[in-house]
Amino acid sequence: MRRKARLVALLVLGLCLVAVGSASAMSPDPERPEMLVSEDPVEGWLDGSGGGAFAYYAIDYPGDGSVITIRLKFSPHDPVARLGVGFNVYGPHGYQIGSGEPTQDPDLLRLRWADRNPALWLIQVYNYIPDMTLSYNIAVRGLPYPPATPVYGTLTGNAAGAFDYYNIDYPGDERTLEMKLTFSPDMQGEAVGFNVYGPDERRIAKGGPTE
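This note's numbering applies: residue 1 is where the sequence shown begins, and numbers increase by one.
Bear in mind the hints are in silico, worked out from the structure with no lab data behind them.
Virtual Cβ for every residue (Gly too), placed ideally from N, Cα, C.
Be careful, since some hints might not be right.
Stated by the list, open to error - Derived lysine to aspartate or glutamate pairs resembling DMTMM-like cross-links, with alpha carbons at most 25 Å apart:
1) Lys180 / Asp131
2) Lys180 / Asp200
3) Lys180 / Glu31
4) Lys206 / Glu178
To be verified - Label-pair distances were calculated between CB atoms; the ranges are:
5) Gly98 / Ser75: 46 to 56 Å
6) Gly65 / Thr103: 19 to 29 Å
7) Asn158 / Thr182: 16 to 26 Å
Given the sequences, and given the hints that come with them, work out the whole structure.
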């Protein structure tokens, strides 16, 4: 019977392993909103209309009382544009949780909210300015991070070493990352393992055995 072993590395980094950009996604359908993940900004655009143009996003709020911050950065952000663009957030049954509030930055609207009820929050970005294209970036902070999807593979060894390589996106906000390598057969010693390298190709972590 083959045994499995596991190596783990814990990282707390202040740098970016791989540059992270904003994804581009939007949905005009409130029944099929784009799901947002904590810390992952999403870009979009809206051609304005006097009757309103809308893009819809959603988050799964866990109902644990954690404070969620929703940020919308937008352009243009002149006084006229600020009168007709923004976002609303809705809970179950159309209950309006709140709207994006002005900040000291003229191109930034923000909403902070906490609740004890788990629910799907619907976020509506709007543009009521005719003939004006709104470019925006929307991001959420405070949600639990989704579990990582494991990647499977095989690697045939040789005396000179055999290697596979993977990239990860790290946002550079000093969050802790845990990396796990589970393998079989259970090889003792230094024959099997993994290293983590930064963008300057310097090793910053090494997988260590678990109990």
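>> Run through the hints listed earlier and report the numbers of any the structure violates, in increasing order.
In response: When the structure is compared with the hints, numbers 1, 3, 5 turn out to be violated.
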